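Enquirer: Residue strings, one per chain:
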Amino acid sequence: MEYIYASLLLHSAKKEITEDAVKGVLSAAGVEVDEVRVKAVVAALKEVNIDEVLKNATAMPVVAAPAAA
Amino acid sequence: MEYIYASLLLHSAKKEITEDAVKGVLSAAGVEVDEVRVKAVVAALKEVNIDEVLKNATAMPVVAAPAAA
Amino acid sequence: MEYIYASLLLHSAKKEITEDAVKGVLSAAGVEVDEVRVKAVVAALKEVNIDEVLKNATAMPVVAAPAAA
Amino acid sequence: MEYIYASLLLHSAKKEITEDAVKGVLSAAGVEVDEVRVKAVVAALKEVNIDEVLKNATAMPVVAAPAAA
Amino acid sequence: MEYIYASLLLHSAKKEITEDAVKGVLSAAGVEVDEVRVKAVVAALKEVNIDEVLKNATAMPVVAAPAAA
Amino acid sequence: MEYIYASLLLHSAKKEITEDAVKGVLSAAGVEVDEVRVKAVVAALKEVNIDEVLKNATAMPVVAAPAAA
Amino acid sequence: MSLAQERELPKWKVDEVSEIEEKLRNSKTLIIVNIEGFPADKLHEIRKKLRGKAEIKVTKNTLFLIAAKRAGLDTQKLESYITGSNAFIFSNENPFAISIFLSKFKLKRYPMPGDKADEEVVIPAGDTGMTAGPILSTFGKLKVQTKVQDGKVHVIKDTVIAKPGDPIPAEAVPIIQKLGIMPVYVKLKLKAAYHDQLIIPVSELEINLDNYVAMISEASRNSLALGVEIAYPVPEVLKLTLGKAFMRATALAGEAGFLTPETADAVLSRAVTKAYALASSISGKVDLGIQVPK
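In order, the protein sequences belong to chains E, A, S, G, D, W and V.
20 is the number of the first residue of the first sequence in my numbering; add one for each residue after it.
20 is the number of the first residue of the second sequence in my numbering; add one for each residue after it.
20 is the number of the first residue of the third sequence in my numbering; add one for each residue after it.
20 is the number of the first residue of the fourth sequence in my numbering; add one for each residue after it.
20 is the number of the first residue of the fifth sequence in my numbering; add one for each residue after it.
20 is the number of the first residue of the sixth sequence in my numbering; add one for each residue after it.
1303 is the number of the first residue of the seventh sequence in my numbering; add one for each residue after it.
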């Protein structure tokens, strides 16, 4: 999850999630950086509306109630 | 949440969560570090069994909201 | 909800929830205190096992309400 | 949770959540104030849309999970 | 629901739910009273253990899957 | 709960919830009216979107009704 | 009916009209009941049960209408109900109370061929009192095991021959009757009530108590919800209000990332939930080397 936490940290600090930024954060945490993974994560997150995802995630774990027939 | 994500990043990378480590990660992310908050977070986490908390957090079922009937 | 938050603050700080204590907290928060309401809240809380209520509140999974059939 | 209750009390009373205000409320409740925590809570809450969080927290009815159908 | 609220008000005030009492409450609320409905409500509620129903309604955590109407 | 029932009766009958209206209903039910409480309830309800509250309340899964004896 | 016709009525009819008129004058509530096919002995049972609350009387429609007119009832409103065979219930009680009362007791009768069972039909173990003979083959058909003892048919064990809703086998009818089993319910078919010059049709007269229970529950839930919203200071409401305040505090701590040992659960859970949500949003495209809980 390090790559995700690093990305969330950047997002939360209102910084852009770039390869360099993610690498910087991971290195500072003493994590050995996997270049390919950084590229993949950054590219994938570009296509995601992170705020939207987080907003929905904060709606606490929601268990589906049985649909009324 | 930056302080939390930085701490979780360290925890996830199996590094100790110290004030210096947290500050380092935050700085790398370009966050202006508030010494007091770092102290507060690191002190509080010392009293918490993070693995236990995370286990419980992920044990919670995360299910999409039921479609309204 | 001010009266409730004040009461929970006292409870959380392991102080007794008395009329004077609640009034003191509310005043400190700049709330104009309604004597009658304080009396009513304190009297009603005497009949409630707050620890029990809070325990259940956390234990309760949050379930989305199904649309009423 | 004292710091949170104190903050919610202030918010609910439509007062600004400042370090002094939080300290004042906590002192009135007989809580020994931890400067670091006060600073931390005030700083953390500045980054949050409290009304939004409260709305989402309580919009959901709280019920026990029904037995899986 | 006016007839139900009127009846619950009487019940809560430990008054007998009679036709006259329900009519009196409804009239005081400015509701045009339907004699037949009053009679139906009064007769039906005589057969219902209101305290029991209220107790169950409060015991919100215990929820059965909603019966299809 | 008399004051709440009286208020909901008025709301349900599409009447305005005023101090006089609530007092009238309570008196008709034989309840000795507490002026201060009436004031408090009426004032508090002014700040609430009752329809919204009821919508959320009834969206709750229906508690299994005990069979009427 | 004209006065001339009335004068021609035989004395018993004149007496009956007077009697009904008297009952109508003394009763606030009249309920008209369809008794077509209703067993006479069951009507007698109902009469006994109603004693002290109401009287039930069977009479001819023509005589009833004469009496009703004389008693000052609005016969125009009644006429459409006065067809077929009717009984009339006279009472001073709330018509709904009578209707509920009637719905509460179950009258049972012996089955007739073609009836469905309203309750389980069990042929009990033991001596049936029936003389052994051709009847044995009927028991056989019903798959009831028997033996003969002292010339009588004995059933070996309790045997269900029909479940509620099942048709009762025609050949079982005489046996069931002999054993005194009444698995079929009879219910008076109410048509309407007449009360205070008003007709209450059966659709309104028959009350489903479950609906009232549901309405009270709803009213109660509404009241509690509203009470919580304004922190109405009574214990039953405050319990819920405290829970709500606590959940709000937890949510706020979690969202703000205000970490103390007490709030650690809320804060870390929230952060992790968010992290997993984000991870799962890209999990199809990136191998994160982790398991994303679904």
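Keep in mind the hints are simulated off the structure, nothing from the lab.
Hints are not guaranteed to be accurate.
As the list claims (entries may be wrong) - Computed Cβ-Cβ distance ranges for the label pairs, DEER-style: (1) W:E54 <-> D:E38: 24 to 32 Å; (2) V:K1454 <-> D:N68: 23 to 31 Å; (3) D:K33 <-> V:E1381: 39 to 47 Å; (4) V:E1421 <-> E:K74: 53 to 61 Å; (5) V:G1586 <-> A:E35: 29 to 37 Å; (6) V:D1317 <-> D:E54: 32 to 40 Å.
What the hints assert, rightly or not - Not the full set, but computed from the structure, chain E residues with beta-carbon under 7 Å of chain V: (7) I23; (8) L27; (9) V52; (10) A59.
Since the model is a prediction, treat every value here as computed from it, not as a measurement.
Backbone N, C-alpha and C fix where the C-beta goes; we use that ideal spot for every residue, glycine too.
Enquirer: None of the hints should be skipped; say for each whether it holds.
Expert: Hints, verified against the model:
Hint check: W:E54 to D:E38, Cβ distance near 30 Å, so the stated range 24 to 32 Å holds. Checked against the hint of 23 to 31 Å, the C-beta distance between V:K1454 and D:N68 comes to roughly 49 Å, which is inconsistent with it. Checking the proposed 39 to 47 Å range against D:K33 and V:E1381 shows it holds: the Cβ atoms sit about 46 Å from each other. Checked against the hint of 53 to 61 Å, the pair V:E1421 and E:K74 passes, with Cβ atoms roughly 57 Å apart.
A beta carbon spacing of about 34 Å between V:G1586 and A:E35 agrees with the range 29 to 37 Å that was offered as a hint. Checking the proposed 32 to 40 Å range against V:D1317 and D:E54 shows it holds: the Cβ atoms sit about 35 Å from each other. Taking 7 Å as the C-beta cut-off, the interface hint given for E:I23 holds, the closest approach to chain V being about 5 Å. Taken as an interface hint, E:L27 checks out: its beta carbon lies about 6 Å from the nearest beta carbon of chain V, inside 7 Å.
For E:V52, the suggested interface contact is broken, since its CB lies about 13 Å from the closest CB of chain V, more than 7 Å. A least Cβ separation of about 4 Å between E:A59 and chain V falls short of the 7 Å threshold, and the interface hint therefore holds.
In this structure, the earlier hints numbered 2, 9 are contradicted, and the remaining ones agree with it.
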